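Trainee: Each chain, letter by letter, is given below.
There are 2 protein chains.
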Amino acid sequence: MIKIAIFGYGNIGHAAEAAIRKAQDMTLVGVFHHDEADRVIASEPDVVLLCTPTREVQEWAPLFLNKGICTIDSFDIHGEIYPLAENLTPICREGKAVAIISAGWDPGSDSMIRAIMTALVPEGVGYTNFGPGRSMGHTVAAKAIAGVKDALSMTLPAGKGKHNRHVYIEIEEGYDFEQVKAAILRDDYFAHDDTEVELVPSVAAINTTNHGVHIERNGLSGDTPDEQIDFTMRINNPALTGQMMTSCARAAYRMRQRAEWGCFTTIELRPIDLLPWEREKAIREMV
Amino acid sequence: MIKIAIFGYGNIGHAAEAAIRKAQDMTLVGVFHHDEADRVIASEPDVVLLCTPTREVQEWAPLFLNKGICTIDSFDIHGEIYPLAENLTPICREGKAVAIISAGWDPGSDSMIRAIMTALVPEGVGYTNFGPGRSMGHTVAAKAIAGVKDALSMTLPAGKGKHNRHVYIEIEEGYDFEQVKAAILRDDYFAHDDTEVELVPSVAAINTTNHGVHIERNGLSGDTPDEQIDFTMRINNPALTGQMMTSCARAAYRMRQRAEWGCFTTIELRPIDLLPWEREKAIREMV
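Going down the list, the sequences are from chains V and C.
Residue numbers for the first sequence follow this note's numbering, so the first one is 1 and each next one is one higher.
Residue numbers for the second sequence follow this note's numbering, so the first one is 1 and each next one is one higher.
For the record, the hints were derived by calculation from the structure and aren't laboratory data.
Keep in mind that this is a model prediction, so the values were computed, not measured.
Each hint should be verified, as a subset may be incorrect.
Stated by the list, open to error - Here are some of the chain V residues that sit facing chain C, going by a computed Cβ distance under 7 Å:
#1 P62
#2 L63
#3 N66
#4 S111
#5 M233
#6 R234
#7 Q243
Beta carbons: idealized from backbone N, C-alpha and C, even for Gly.
Excised from the complex, chain V in its bound form:
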């Protein structure tokens, strides 16, 4: 049995808990809040799921990796993924542990899909179209604006990898909607996209964790044109993130057993390592 700890108990921590309880090859050794790192280590897990905010991964991961405990995170700032891997790699090797970073769905499973599509259609164009669905990051950014009482920022696909945003807000008493709206539109999170801000009586009433993605690639296999590949999901955002992190925990455990210490992204994982079965069953069922 693979011993797993959950560190950070928000939406993703709760979802990961459900995924671990369903996995017959895993035991949940504990669920810990972000001020309990010492208790995580004392629980002697094989793998800890870092369900803390993305910006804290660099801070927490070394604590566990140093002790030989593998870490999984869903770090999602695309431009900073490679530097994070570079930073964690020596720590993993020193601690004889495996870190799998950016192991949610995008980055994460979508990254694996993009790599496979590109192997099939090396010359071509590809787009990742998100939504419609709730953007966790943009929702947090909108809530941080002065006068915003509650917010929900939806990502709407506009085609060819472009997106529009639709921000639903409630405002605090004494604030003017037009001024709050202008502040949101000036915010760096929203300034680059076509964004609509709408005042609603209750954000809670329209809340959703549903999300989706459409990854498309079109081009040539060899010199044959017009190959078309599409991958589409309609999913629950935290549930899929927690599930992918849990499946990656299995991969990290196996890689540590094989002494493949280091920090890896999902495109560096073997898909078979995500599955609970022995090799023969995996090949017979999946290949």
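For this one, chain V is given, so just place chain C on it according to the hints.
Mentor: Same frame as chain V, now just chain C:
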């Protein structure tokens, strides 16, 4: 540069040649017919693509693996893939080579997609729906029936992983269509599916190598239901097969360099190894 040889020069061999010529990290050392195995070895390739019929893989692969030359095939008899892997594994280890088997699109890239979908939605139902498109195996089987002058067998998706077949034939002079049709319907290749046989003036006029697949999976991530994932391709059958085999040649070469000798299916490959880039570029572009 990775030195590649093509062994067998039919539809797939031709498609692989185009894919190799496009790959900037590969050199094509030669294209060889199936009676030229000695010349393949003399050309000292790193990897040989076995573009011979599926049934011949077990016969040819050991010749090359014994010499430390990696092999890639598109062996497509699903129930016999694991036994083939078992047979080739000791030969690979002895020869310090890597065999990647069943490395077309199904089995092949579709197998990787199914494994990733299952990691995301462990409890659920999945279906692989082929076509509409030309079935290479069923077309050959129809052509082998006495009285058939030319044939094209199309696979038509009937939903939930079920398929119908539509066989277009021309018949030899002196044969009766109804009798030829009855012989086709009795053949083991066609006896298990809903099959329609149609007499046409010219099979060549309706010939196609276009094909497609829709892989779907629906179920739970953790305890959250109604997750829905779909993967769809419209592709040229030999072109995609030749391209996937070529991308897998790169993976085999790298795995041999890392002394990861053995026989592997596509679900045991890291997607990054299919791509021509160095690690940093692959992570920055794909993750």
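Trainee: It remains to establish, for every hint, whether it holds in the given structure.
Mentor: Hints, one by one, checked against the model:
| no. | hint | in the structure |
| --- | --- | --- |
| 1 | P62 | 20 Å, violated |
| 2 | L63 | 24 Å, violated |
| 3 | N66 | 24 Å, violated |
| 4 | S111 | 4 Å, holds |
| 5 | M233 | 5 Å, holds |
| 6 | R234 | 5 Å, holds |
| 7 | Q243 | 4 Å, holds |
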